[in-house]
Amino acid sequence: MSAVDKSSELPVMRRLPPAPAFKISEWLIEWALFGSAFLSIGITVSIAWIVFSGTYQFFCDPAVSVKYFFTGTEWTAGFEGAKYSILPLLTGTVMVAVIAAVLALPIGLISAIYLSEYASKPIRLLLKPTLELLAGIPTVVYGYFAVFAITPLLQMFIPGLDPVTNQLSGGIVVAIMILPMVASLSEDAMRMVPGSLREASYALGATKFETSTKVVVPAALSGILASFLLAISRAIGETMAVTLACGGQPKLTLDPREGLATMTGFIARIAQGDVQHGTTLFNSLFAVAAVLFVVTLAMNMLAQWILTKYRQVYQ
Amino acid sequence: MIRARKNHQGEGLSLSRKIADHAFAWLAFGCTFMALALLLLFFLRLGIDVNSWFKLMPERIAKFNVEIERRVQDFDTETNKEIADLTKEKEDRIKQDPANAVSLANRYDKVISKKIEDRVQTKLEIESNLKTDKRSDISYFGMLWHFISAGPSSQPQDSGIKAALLSSLLLGAITICAAIPLGVATAIYLEEYRAQSWIGSILQLNINNLAGVPSIMYAILGAYVFVELIFKPFESPAIAARNTLGGGLTLALLVLPVIIVSTQEAIRAVPVSLRHASLALGASRWQTIWKIVLPSSLPGILTGMILALSRAMGEAAPLVLFGAALYVNFSPTLFSRFTALPMQIYSWSDDPDPAFHYNAALASAILITVLLGLNSIAIFFRYFVQQKLKG
Chain A
1 MSAVDKSSEL
11 PVMRRLPPAP
21 AFKISEWLIE
31 WALFGSAFLS
41 IGITVSIAWI
51 VFSGTYQFFC
61 DPAVSVKYFF
71 TGTEWTAGFE
81 GAKYSILPLL
91 TGTVMVAVIA
101 AVLALPIGLI
111 SAIYLSEYAS
121 KPIRLLLKPT
131 LELLAGIPTV
141 VYGYFAVFAI
151 TPLLQMFIPG
161 LDPVTNQLSG
171 GIVVAIMILP
181 MVASLSEDAM
191 RMVPGSLREA
201 SYALGATKFE
211 TSTKVVVPAA
221 LSGILASFLL
231 AISRAIGETM
241 AVTLACGGQP
251 KLTLDPREGL
261 ATMTGFIARI
271 AQGDVQHGTT
281 LFNSLFAVAA
291 VLFVVTLAMN
301 MLAQWILTKY
311 RQVYQ
Chain B
1 MIRARKNHQG
11 EGLSLSRKIA
21 DHAFAWLAFG
31 CTFMALALLL
41 LFFLRLGIDV
51 NSWFKLMPER
61 IAKFNVEIER
71 RVQDFDTETN
81 KEIADLTKEK
91 EDRIKQDPAN
101 AVSLANRYDK
111 VISKKIEDRV
121 QTKLEIESNL
131 KTDKRSDISY
141 FGMLWHFISA
151 GPSSQPQDSG
161 IKAALLSSLL
171 LGAITICAAI
181 PLGVATAIYL
191 EEYRAQSWIG
201 SILQLNINNL
211 AGVPSIMYAI
221 LGAYVFVELI
231 FKPFESPAIA
241 ARNTLGGGLT
251 LALLVLPVII
261 VSTQEAIRAV
271 PVSLRHASLA
281 LGASRWQTIW
291 KIVLPSSLPG
301 ILTGMILALS
311 RAMGEAAPLV
321 LFGAALYVNF
331 SPTLFSRFTA
341 LPMQIYSWSD
351 DPDPAFHYNA
361 ALASAILITV
371 LLGLNSIAIF
381 FRYFVQQKLK
391 G
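One line per chain: the protein sequences are A and B, in this order. Heads up, the first sequence is in the numbering used here, so the first residue is 1 and it goes up one at a time. Heads up, the second sequence is in the numbering used here, so the first residue is 1 and it goes up one at a time.
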């Protein structure tokens, strides 16, 4: 009852919950909740700490040079006279991400336009859950698909394709994986655009195509860009499918018909072997993880920033 | 208000604009359904491979059965040969040394009878093994049941997913038990206590970023925290350093953002008027949350839980750094080593023997069935149950 008394002293109740009387149980609960919320910060901080301290140890090794790491051309970790340069692994990752983005972003955006602007309500009600269902297929299974379905199919059209592991099948399968994400998130953004904008456009004599591409898409651009960035970040971080599809050979080549190890693939393959802790080979894992962490974190932050900065609030 | 579905019917519209309009409509339709067609191809391929498994495995089983039977026959001929050799040796020795003929014969007879006893014993053992190794049931259901109930093996036709399936279920249970309380508590704190404050926005930013951190990073975190820091000091025959509990907790960290975000959405959907009414009746903040907000957002929380469960059961990347053992021949417990269904699929897909690839296909089909089942329940909840609650 004291809670009521105290709030009634206030002239105007501005905040939604009334200022409560101090109660030890309420206080304890709030701190317990704070503790579990703080854990999520703890996860980020510990990941960063583990990865960067491992990276520091890696660069302390006399066999490793920072300059070669960023400008060299060979990654021969685990061999005699090992050379450590991130570029071959980065090439593998970038190639997969580029192939996936080139395929998935336009198709995803067009699918989103179809779902949001063209599809009738029953079709949308059917398609949207189906798209979300696809996100539930485990990535290992997509990897299986890349190796045993996409590669044999591509071999029919592309001569010189490596029949076991190649970057092209990895990129295509990652594209299939991120497509539902692009379509679903972009569609959400487009649905937030108010109908009045569309009606105004139609009233000015625009066709449906023009309304979609010149009014709705620009109005939802922040959400669309954010979905693109999140999808690319997911493509960069994808592990099991690309490990299966792209193999474990770090090479510096731009030929998508060959198999190149990606950063995630390298981490997964090293992790499977029995590598002694504290060796340079083991620490190199942290250096690769650090690059991966920085790249994906930067893309996620950029996506968040675009979303908050350019969010259009409609009445 | 009437929503303009079809605008003007092409009056005064130039041809190029008309063509562009129609072409785009078809393009959009095509793109959407092409994506679905690819998936159809995917399921078709999986279906073909599963079918091949059912075709190939009876052949393999028959071949293996013949081999086992030949092994028994070989054993018999070997026994006969050994005894014949011994008899011959005995006769030779007796011929060489006729003076000791009786004692030699006795000694050899003893050796021979012991040998026969041994061989008979071994043969019995082999035959009893044969009964378990030899598989007569090659009906579809029998083979499928063997696949689900058998452990790993070096023979593709004998391999099964029992350990992997049990591990995955156990991992899923641990994940949910750990992640649900933490995730829901975080969501409540964010939505009910710190909705508009700077702490809230930092936490929110952090959670959104965590959702995008690659799953392999959680592997590094889990391998360090749960293996190196927590379970290594307790390592003993009963407690493995890389145990199921650690794996499940790692997956819990991975799915935490999924649970937090879906719980937040559910809490946000609870009307403010309900909270006002509760507070006006003198309930405290926590009483309002516990008795009003949480029950109303239960469907959303359940949706998040199911999505998190299916994500946890489908992920393999966080477990590779745990060295999730590929050859687990026992039912996993909380503190034993473990494997997981996705890991099993991964290692089978990577195997040079193509017969294992069909195993991978069948295991994938089983995993997909489980996960799509879970996901469709979640989607049903989100689209229909929640809509009803709102309306």
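Be a bit skeptical, because a hint or two may be false.
[Unchecked claim] In silico DSS-like pairs for lysine-lysine, Cα to Cα no more than 30 Å straight-line:
no.: 1; chain 1: A; residue 1: Lys-214; chain 2: B; residue 2: Lys-18
no.: 2; chain 1: B; residue 1: Lys-162; chain 2: B; residue 2: Lys-115
no.: 3; chain 1: B; residue 1: Lys-18; chain 2: A; residue 2: Lys-121
no.: 4; chain 1: B; residue 1: Lys-18; chain 2: A; residue 2: Lys-128
If you're looking for bench data, these hints aren't it; they were derived computationally from the structure.
message: Next pair to validate is Lys-214 (chain A) with Lys-18 (chain B); report whether the Cα-Cα distance is within 30 Å.
response: Distance ~16 Å between Lys-214 (chain A) and Lys-18 (chain B) Cα, so the pair holds.
- prompt: Within a Cα-Cα threshold of 30 Å, do Lys-18 (chain B) and Lys-121 (chain A) meet the stated pairing?
  reply: Since the Cα atoms of Lys-18 (chain B) and Lys-121 (chain A) sit roughly 24 Å apart, the hinted pair holds (cutoff 30 Å).
message: Next pair to validate is Lys-18 (chain B) with Lys-128 (chain A); report whether the Cα-Cα distance is within 30 Å.
response: Cα-Cα ~29 Å, so holds.
query: When you check the alpha-carbon spacing of Lys-162 (chain B) and Lys-115 (chain B), does it fall within 30 Å?
result: It is violated: about 40 Å lies between the C-alpha atoms, which goes past 30 Å.
In this structure, only the earlier hint numbered 2 is contradicted, and the remaining ones agree with it.
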